[in-house]
Structure formats: C-alpha cells, structure tokens
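Enquirer: Which chain is which? The protein sequence lines are A and B, in order. As numbered in our numbering, residues 1 to 500 make up the first sequence, in order. As numbered in our numbering, residues 1 to 500 make up the second sequence, in order.
No lab work stands behind these hints, which were simulated from the structure alone. Treat each hint with caution, since some may be false.
Cβ-to-Cβ under 7 Å is the rule here; a few derived chain A residues that face chain B [unchecked claim]:
id, residue
1, T62
2, L65
3, N70
4, V91
5, Q102
6, L115
7, S126
8, P139
9, Q162
10, R183
11, V241
12, K255
13, P257
14, E259
Glycine included, every Cβ here is placed at the ideal spot set by N, Cα and C.
Protein chains: 2
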Amino acid sequence: MISEFSIGKYLIFTSKKHNYLCVFCAGCRYVSKAAPKTQVECDYDGPAMKTQVPGPRSQELTKQLGEIQNVGAVNFFCNYNESRGNYLVDVDGNRMLDLYTQISSIPLGYNHPALIKLMAHPDNLSTIVNRPALGILPPGNFPEKLMESLLSVAPSGMTRVQTMACGSCSNENAYKAMFIWYRNKERGHNTPSAEDLSSCMVNQGPGCPDLSILSFMGGFHGRTLGCLATTHSKAIHKVDVPSLDWPIAPFPKLKYPLEEFARENAQEEARCLEEAEDQIVKWRHKGKPVAGIVIEPIQAEGGDNHASPEFFKSLRNIARKHGCAFHVDEVQTGGGCTGKFWAHEHWGMDDPGDIVSFSKKLLTGGFYHKNELQPYRIFNTWMGDPSKNLFLTEVLNVIRTENLLEEVTRSGKALLNGLYELQTQYPGILSRARGQGTFCAIDVCDDATRTSIILKARNKGVVLGGCGDRSIRFRPALVFKEYHVHLFLNIFNDVLAQHK
Amino acid sequence: MISEFSIGKYLIFTSKKHNYLCVFCAGCRYVSKAAPKTQVECDYDGPAMKTQVPGPRSQELTKQLGEIQNVGAVNFFCNYNESRGNYLVDVDGNRMLDLYTQISSIPLGYNHPALIKLMAHPDNLSTIVNRPALGILPPGNFPEKLMESLLSVAPSGMTRVQTMACGSCSNENAYKAMFIWYRNKERGHNTPSAEDLSSCMVNQGPGCPDLSILSFMGGFHGRTLGCLATTHSKAIHKVDVPSLDWPIAPFPKLKYPLEEFARENAQEEARCLEEAEDQIVKWRHKGKPVAGIVIEPIQAEGGDNHASPEFFKSLRNIARKHGCAFHVDEVQTGGGCTGKFWAHEHWGMDDPGDIVSFSKKLLTGGFYHKNELQPYRIFNTWMGDPSKNLFLTEVLNVIRTENLLEEVTRSGKALLNGLYELQTQYPGILSRARGQGTFCAIDVCDDATRTSIILKARNKGVVLGGCGDRSIRFRPALVFKEYHVHLFLNIFNDVLAQHK
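Bound-form chain A, shown alone (with noise of 0.2 Å):
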C-alpha cells in the first residue's frame, strides 16, 4: 500500500511493503513502487535493524580488512548502493538514519538522483576518467565550473579560490600563502634574494623564515605536519609527531544556557582575545612573528565549542592592526549545515577573513582568498579534480532549488528544542545543548556514557558521532527534515530512558 501525504510544499508517498519514502519536490524525481532495483528512491521511511551492529558481515569484512590495514576506528561496512538520503544502510542490512554522514561530509545524503544524473552525460564521463593536472592544462570549462560553483558562493569580499584534494592540502597551502604574503610584506616586494634562495634549500633562514601562525586550544585544522602543528584538540591526533614550536591561545569556553551567563562568557571571550593579542606581541619580540591566525568558526572536532559574532568580529580586528592575515577554516561548518552557506555569515561581517578553507561537504577541497594573497607558488600535481567539481555544481543547484538553508534553519531549530526538553529531562546525563542550524551538539556526563549512547542508538537504528571529550555532535545531510528530527528525537528518548 502507498500513502500520500504533504508536509508544507512537499508531496509524501510512503510505502510500508516496499519501506521506503519518496518525497516529491524540485530537482527529486518520483519513483513509483514498480521502479525497478536500479533506479534511485529518495529516501527511505525509517530505520530497519536486522542485527546488532557491527553485524556478522561486517565483523568478517573486519577481519579480512585487517590483514591489509589498520581497523581500529572502522564502525561497520556500508552498501552505499542500497543507501537514500539520510539512510546508510549496512552490509548486514540493517538501515540506519544518518546523522554523521561520514564526518560530516555528504551534502545532500545518499545517491541524490540529481548526482546520480550527472554521470548520463558523456563529457562527464570523460571529467571522471582523465584528471588533468590543473595547474598547468586546466580544461576548457574550468573557469566557467568554477564559476557555477565555488565562485557563486563565494565569502563576502573574496573573488579568488583554489582547488585542493582534501582538507588538510588546503589548510597547508592556506598556510604557505601566509606565509608568502608576509614575507612578500616585510621585503616589500615579491622577489626572494640571492640568499633567500639559498638558504631555503637546506632548511635554513632567511630563505625558510621564523614565522608562526597562532591557533587555538580545541582547535584541529588536520594531520599534516603543518595542520598538526596548529590541532589542539586530542593528544591522540599529536603524540609522537615533531612539531613546530607555534603559539596557541585559549579558544573560549562558554556556559550554558547563554542567557543566564552573558556576563561570565563575554568576560572569558575577552580573557581569549587578550591573551590572543599577546601571544602576537611575545612572538614577534621572540623574532617569530605570527603571520596569521586560523580559526574555526565553531570548534567542531574539539567539542563543539562556540563564540560570539563579537568575539569573532574583535579577532580580526586584532589581526588586521597587528598585520597577521586572517584565516577562517570552514572545513567542517561550511556547505550550508549552519543555516547559511558558511557558518562566518553569522558574524555579519563584510569582511570576515583573507582567507576562508572547506572540504568535507563541498567535495572538493581549497581555499578562496583575498587578491592580496595571490598563492604565487601553490602548486602540485592534481591541484584539486575537477569532477568533484562537476558534483559540486549540482549540489548548489539542489540546496538553492528545494531551499536547502531554509531548510536546515527549520529542522535545526525543531533539533536544539528536542535537545532542551531531553537535557531537562535526562539532567543527571544531558548538558549544554548547543548549535547553529542542524549543526549542533549536546553533552554527556562522562566518556563511557557517551559511549554506550553512542552504541546503543546505533543498534536502534541511528548513527552518530562523538567529538571532543564528552559531547555528541549532530552532522545530518542538508536533506535532514524537521519529520527525520522526531524521528531521531524519539529513538534517542528511548535510549536516554533506558540510561535513567
């Protein structure tokens, strides 16, 4: 039997026999019942455990991926085939509502039909199969892609961006561009000496500079030697891996609910931006001064960690009168999961940052910039591929024709309320409920709680995530609808009662 039903603008068939949920809308095609197996559904109806996950399957997969690499962290194997739109399904079969998306980094859920399409066209087969090196033989359309879609939702004030394979090439080369303006700066101009260019090929100053970038306690901008060097969020990510010898200032750490302690957290936002300022001041009287500073707008990997716009807006004016550029990494808030298309929207600023890092949820990685930090000298051999772009162009299309932020603002808000109601609820495990559209957080009273939570909503069909030392974060696809929040709110009451 199919149901027919309508939410606001959206056309609701339902199938039980057939367990799955179309919903009808721009840009998602409806697929009656008698569609055949390969064709794509939207989504599903709920989840739909058949075992207790890891399930066998997965437990033996495990094992056979354990004689070729390390499984430590490896959750459960999926059939992305089988996969729709919130619903990652398993290899076991079990169906399980996503609000993780792989780190946080699957646009619009599973097998959009929209994405799924791209790949009927013939040029974008040949995008797919020959990846250019992009720095030297872009193809001909590349200008115009990019155009379509990273330019069109480019950061207030920036025109430029370069393309990147992955988060952490994006934050490194981010990182070099700094450094290469500021020396650019302190020369005068763009030539390196004869002794720049010497000294450079072993290692050695003035050619390799003393500069630093300042970040943040809690913060995590990636892996990479130079990412690292700026992460502070787990020692785990850390240990054992030489570093440079970089300042850190203290991130804020506010109290909740924010009305009650407006006082106490804008006196700690302004402890973090003294501090702030002087680790600027010390390390340019140690002769290695900052030459920018990175910053998440909310720290993700961290705990979820806030500041206020004021907080933000004081923070690049702190960069702009000690000449450090301003780097603002949207690797994780970026692509639409805080209600706007980059979580710095919210401070209202024309002019936010010099440079602006993503991945995850744009599929391509990069960093759009300031004309003044013209990345001179970024370069490599992919430089980014171009039929992540390809992918990107539709997911735009998608969260601007079905209003995808408005969307998330909505199914955001009906979260963090279910959020409140649990946490006064469940007080003895539930704290500091916190967010920005969908992307929010809450807090468990230990690690193992979380845990266990974490555990057993997955085996109620649920997927979620941990970040920092004891919170959940909620990172559901653009897709995630206000009927996906209470469907989510009431398994999570369930295993919440079984806590009590």
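Here the structure of chain A is known, so what remains is to put chain B in place on it, guided by the hints.
Expert: Just chain B now, kept in the frame of chain A:
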C-alpha cells in the same frame, strides 16, 4: 581510406581522412569510421596543429581564469573529451603527442575505452557519487577491491597498504608512521606516557619528539610543510615557508656515458653513502635522531638523477644498521613507466624498504608498509577515494592483458637509442641521455635553450616537460608504442635542426 597493417601482435587500422589510428588488441576495441562521435576511438594517427600554442581560445580562457586564480603555470587549456590515447587535444583544436601526461599521472592515455566502460555499471555510479569516510565506514567491497588493485602489485615484503588522497598526503602520513614506529621502539611499547600526551598538546617534547627524516639534495617529496622539509629540488618550491631543521645528504651526480665513468661514479656513490651515514650519526648525537630515510629510486623533479642498484642496496643496509625506517617514494616512478611496475624492482631486492609511497599513475595516493610500521593513528576524513581504486583495478587489468610493461621496455629502448643518436648529432645542445623504460631524460646546454626547444616542440605537436636545471624529461603513458617513439624523434630532430 582505411589502411590496415600489423606490428608484432598488433593489428593497426588508420584512416587519413578521419585522422585517427586504432590498435586492435586485448582490452581495446576497434571502432569503425562509421562510429558516432560519442564512441571512443583508441588513438589518433599523429599530431595536427591549427594554431600556435597557446592559441587564441586558450589565451582567452587564461585571461578568464586569471580573474579567479593564479595562472602563472598554465600552459594551455584542453579538450579532454576529444583527447585520445597518446594525444592531448587543446581548446583551439590542436592535437599533440603527449610525452608529459599531466606531470606523469595518466597511465593509459586519454579516454581509454576500458575506463569509460567502467562507468556503465550501476554499482560504480554509487561508488563515484557517495564518497565514504574510509577509515570508519568502508564499503563492503573495499577489502576485495584493495586485493584486486593495490595488493596485487604490492612491493616485495609488503602486505599492508593505506590509501590517501594525493602524493603529499601519502608522504606526510608515511613520515608520521615512521615517527610513531620509532617512538614505540624507543619506549619499548606502544603507549605514550602522560607527559607525552600533555606536552604534545602544546607542540612540545617529549610528546612532540625531536626526530628527523634524512632526505637527499635534489629530492622532491611534495610541498606540504612536512614533505617540503625533505624536498630540495628547486628553491622556488621552498622559499618563504618555515621548515624543520632536518639532515640532508648528497645524491650521487653520475657522469655519462656510465660505461666510461664507472670508477668515478662508484666513488661518487661511495662518497654520498658515507655522508648519509655520517649525518645519521651526527644527528643522533645532536639529539635529533633520524627516524627514517626518504628517497626516490630516480630523482624526478630534481632532474632525473639516477643511482645504481648497489647504491640503494647499501643505503638500505645503512638504514637497517642504524635503526632508521627506509621509505621509497615511488610517486613519480611507480606504475610501470620504468618497465617494471615499481622502479625499485630494478634493485633486485627481496626487502627493498619499510614504506613505499605512490600516487599519480596509481590514480589514488597511499603507501605500502611493513607490518611493524602499523600506522596506528594515521587517519583523516576521506583516507583516499574508492572511485579511484575502481579505475586502478581496470588500469592494472589493461597493463596485464596488453603486456604494457614489456611494451614500455621496448618503447623505452627505442626512445633511449634515439636520444643517444640525437646527442651524437647535436653535441652542442644535448648531453647525458639517460633512462629506464620510457622514464627517460636528456640535458640541454642551458635553461633558455631548453625552454625554446620545449615551446618549439609544442608548436610542432609534441608536449614535453622539463625537470632539474636544464633537463627535459619524457613521461609518456604506458600505451606509448615504438611507432610513437619514431614519430616523436622525427619531430624532435626537426626542432633541434633549427637550433643547430
């Protein structure tokens, strides 16, 4: 008119009118001249030039792209849709024989039918559309696909592999694996102390240890900060970027022809080995022990610098003697272009290294490693891209069914012999012809002449690339046959004749 002839096991069809050539062999379908445009032909029958390169359309697009990003390195814009086999077609309709193949990163030429065909299978669409976080939620077929692809060509003594997004990330993470391995060895166990964990959070020892990687002058291992500290090919890659103070040893500068300078070259290699060992001892005493040695089997970016198998065998022994890991960087040499799948196979060793990194022709980045170098804590969001493994599996199939390694050896001999002849003919311009397989190079009298030769060759329909101070490197695809060699040599001869 279509003509048909055979070279060895190949049946060749050419059509003057339609300007293409098709080789009929296993894995490569012949397409008749009546085939529609969207079907894939295997190769063209020669270059065809319509304009100077860059032509007007390329120049127009360069201007457009210049509004968005730095175009200092852009050569021209390409029509990848129309490119076939060994021929790169640009946006002005110029068709060029490609001996540079996107900085040596295209294994089977452009639009190989076997790769295009892959996209027809619906399972593969899902692999391309849904990029997973491989470290936590791998697809069900991931162990099987790794076995079929990367493990089927694993270097001797290595059964484990970790994929990564690009060459730099591969090396960065390989270095981390060596550091962690070295610290575990120092501690006698794998568990960092409380002091390790707290000190690393602020980039200090002992958690961030004073360890180093020994690299070689002229080496290139990437441009992210960790890689860049081991890269010493060109100052312009390194200048203005802070670095790590790590040891550097000289790489042998061999004299050619090798037969004539056997004694001097052996002395030169002995000198470099002695210096490498001295550095290891010296840096241990300095309190910055060498955790690993990184080296390319042929220094590519640095100028196609070769060394003998004995050199590498001795260096491997030095690494073992001093407890350093031995990392063979095959990012540019791997994938068959030297006539063996890995260049280090020419050393004839059962135990060539502890780590072998790859990217480019392998389509995915990554590294193989010994069991002992279990890269625990090596992690990022994507950890590679299964859609690239998919194409790699097919590339390996084609290499096997078409005996491409034998073909490369055959073409390589013809190429090197041709280069020997040309340097005899033009002794004032060319010298030091050298190579393994088609991975060949020749030196030009000076940089200005090299640039002029490369540009003139391009206008006659041959794409070449430089490396080092004054070398031209040849990096054709694995489908570059003997008749392509002769075609190239004729054009190259014409260009040189103009310079005489």
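Enquirer: Against this structure, judge whether each hint is valid.
Expert: Here's how the hints hold up against the structure:
no., hint, result
1, T62, "9 Å, violated"
2, L65, "4 Å, holds"
3, N70, "6 Å, holds"
4, V91, "4 Å, holds"
5, Q102, "4 Å, holds"
6, L115, "5 Å, holds"
7, S126, "5 Å, holds"
8, P139, "5 Å, holds"
9, Q162, "5 Å, holds"
10, R183, "4 Å, holds"
11, V241, "5 Å, holds"
12, K255, "23 Å, violated"
13, P257, "29 Å, violated"
14, E259, "32 Å, violated"
Violation of the numbered hints given earlier is confined to hints 1, 12, 13, 14; the remaining hints are satisfied by the structure.
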